[in-house]
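Spelled out from the first residue to the last, the chains are:
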Amino acid sequence: MGIIMKTQNKYYKLIPAAALFIGLPLLLWSLGDFPRKSILKEFLSLLTILAFCFMLAQFYFTRHNKYFAKGREFAMVVKLHRYFGFIFIAVLVLHPFFIVLPRFFEAGVDPGDAFVTLITEFDSLGVMLGLIAYGIMILLFVTTFFRNKFNLHYRIGRMLHGYLSVLFIVAGAWHVVNIGRHTSTPFSIYIILMALSGIIHLFLTYFFESKKELSHG
Amino acid sequence: MDESNKKDQLSRRQFVALTGGTIGLAALGSLGLMAAYTENEREVDPADFKYQENETDVLVIGSGMAGLFAAVKAHDAGAKVMMVSKGRLGSSGLTPFAKGIFAYDEKTSDYSLDEFTAMVSRSALGTNNAVYTRQMAEHSLARVNELREWGFFESNLYNKSFNVPITERNIPLIERVVITHLIKENGRIAGASGFSLDEQKIYFFTAKTVILCTGAGGFKPNGFPVCDLTHDGTVMAYQIGAKVTGKEWNDGHPGRSTNPAASYDGWGDMFDQKPSTTQIEIHHDLGVDLNYRAYKLGNPIQMGPPGQEPGQGAELDGGPFVPEEFRRSGPPGGGGERPGGEGRRGEGPGGRGPRGEGGNRERRRPPRKGDGPPGMQGSLAGGSSAGMAIHKSEGIVPINEKCESNIPGLYAAGDALGSYMAGAIYTQVGSSLAGSAVQGAVAGEAAAAFCQKVAMPVISSSTRKNIETQMLAPLKREAGYSPAWVTQTLQGIMIPNFVLYIKKESMLKAALAYIEELRDHHLPMLRAADLHELRLAHETANMIITAEMKLKASILRKESRCSHYRLDYPELDNENWRAWINIYKEEDGSMQFEKQPFGSWPEVI
Amino acid sequence: MAISKISGCIGCGTCVQSCPTDVLRLDPKSGKAIIKYVEDCQICHLCRMYCPVDAIVITPEKSIPVIVSWG
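Protein chains in written order, with our numbering: chain Z, 8 to 224; chain V, 37 to 641; chain H, 7 to 77.
One thing to keep in mind: the hints can contain errors.
Using 25 Å as the maximum straight-line C-alpha spacing, the simulated PhoX-like pairs for lysine-lysine come out as follows [stated by the list, open to error]: (1) V:Lys-332 x V:Lys-594; (2) Z:Lys-48 x V:Lys-310; (3) V:Lys-237 x H:Lys-35; (4) H:Lys-35 x V:Lys-86.
Please keep in mind that the hints were generated in silico from the structure rather than gathered at the bench. As the structure is a prediction and not an experimental result, all values here were calculated from the model.
Please take these sequences and the hints and turn them into a complete structure.
Following this line, the structure appears as structure tokens:
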């Protein structure tokens, strides 16, 4: 009994986050006037949409979020941030391939040729933003995963992570708003709001934390 | 060369006098959706055009199957080649939708070349040109093997494989340029001219030879992906004095009555299929029989349960004639009881017999590559390919087996050439696409050889000026008829099955009166607000002239044969009509007609 | 209404080229494909099949009244 209570205590705080970063996007997706395609295509689309929303959510799943202040929650959030990061970066790494994947199963242009066209469309702002966001995302992953190998001071590492995240989310959100096939006006507003507030949250944390640390010093 | 070149002239006054005037009014009344004559709200400035000059030995117009081989073979024969297309290589005209290609291999075939040719000739009731029938079969395998090398059979889309030989040879390819004029100087071809769809630019091509690979055309019909083909090549060649033929024949593909305009859906999964080869399988496929049944009994396709013959129970006498040897089943009078067709191996709209592929009978076997539309539900609608004749049966009259026209230096191949390769009926399945490949190659080599004998022509400045004036005229008009409205009016006149399919003199003349009205009072007043509409204006003009040709040729042929069916002359007339009808423009601008006996070449002055 | 929607366009222009009836154009402002002349769509699906990012949606209805031979 006690154990169950504890579990509830630990995870119930995630419900609002789930509503904001899973429920709301799903709602926008289901209400939007989007063409409904095959199950495979819809699945890949949803996976990509949710992956990006989870990247937005990452700005809140941080050890500095006072909402998760207690020790056990703190540990959970740190863990979730890491897991979500790795899982959904993996999805986003693959998402350009998701676009051409269904071509293996239906008539039309060769998926390989389609992919080459897709990633070499340098005239397109949306594609360029995507490539930039993609590059930053890889950098984020590498600097985080191999953090110890780089021998960075903890604070510098954290700063680097934070600033890369901001760059990533700016380029990524812009890419999505510009080119996303499910980017309706409500979706755009949602993405911009979430990205902005995420960035603000990050800067506020850094600002106040730095002050605090200074005052301690 | 036979001697009997009897001219039959049709007087316009005569037609107008006899005109009933029933069709058009009904048709026009049903439209009323587009503004007809309005001010021209221009989006481009007709005074602000740039020019691009090009010079080449061989100019290939069109980038389908015929154009591909014309360019490749002319290049390989040592000529400097350019290709120009109003669409994209392998993605315009009917080629993208043709999925079956005939490959004849004498070693493995049960029939010799001569036997094959004889069999086609029997089905075609003499309407085929046996030289072209044989040529197609003889070279088909070689062309198919080349296509295989380029990867043609690996995708349902052809742009990539078509690009392989063109890129390899560095053949300049100009896409999305609409050619509006062929240019003749000093009695021979001198080039062509057109405009770009993407920028305000006029293209002049000075060329020793021109090969028209422009396909045939229709009246922008619904349900058939032929809406970009409007007999442009035929009409441009006619305007400079080339003889054209085959305008009385009709392709009779039906479509679905639910969303009849949906070409893709109407053909089932055929557009998704990769192409495949076909073997000897000769039919006498009409399509006009289906129209006859609809005309006599109403829509023939009220489907019963799967497997039941469509329109079962209703016996029908008369109708188009099918030779005994090629009857599939059922009572004489010809296959009208099988409008659903078999959904058998076909080749797509680019070259398959009008076997009632729109049929809605359940398939009796698993689908095969290159199938026609599978069992579709609901009833049929007619005229999905309206305005198109049988593949290879309409177009420029060849004066020899080298795809050469009566204008020195002008060649045509594929559906732009009235080669009568298969006759005025669909005979060999898959031969249309194969024939385009074969004829393209033949024309390419012939044109390259011709180039060696002649100097580069010069296009005079007065010719240039005239062409530019005519080309841009719709853009310059302050007000005029919208091409879309004129086209719809034309469709209303030409598409009903009692006009073009089940023909009789009174109705043909009535329709002709309407068409002449469009020709005289609408064609000169077509307007265009932008480059897209300028293209539509030229296409519409070409369709009007084609409609005139089709009606006059249909009036002239007072018999029924193959896909030409006259209710008032339902029998074959072998005494008078073992002849093709050639159409040409007289010096005074009038449309003239002549007979060319089957099995002969035309007289060239 | 024939070709009905383009979403996720990367502006490569392949559809504009591939359309036999010149229905599509690149919007000079956004650089993306737009359905400019829908009434000329022959519903052949070439644009959809050539599109590298599968951005085009086509429905079987023609946007203007359809004239048939009989039906």
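Outcome of the hint check:
Annotation: proposed proximity of Lys-332 of chain V to Lys-594 of chain V holds, straight-line Cα distance about 21 Å (limit 25 Å). Simply put, Lys-48 of chain Z and Lys-310 of chain V have alpha-carbon atoms about 23 Å apart, close enough for the 25 Å limit, and the pair holds. A threshold of 25 Å between alpha carbons decides the hint, and for Lys-237 of chain V with Lys-35 of chain H the separation of about 22 Å falls inside it, so the pair holds. Between Lys-35 of chain H and Lys-86 of chain V the alpha-carbon distance is near 23 Å, which keeps this suggested pair within the 25 Å criterion.
In the structure shown, no violation is registered for any of the earlier numbered hints.
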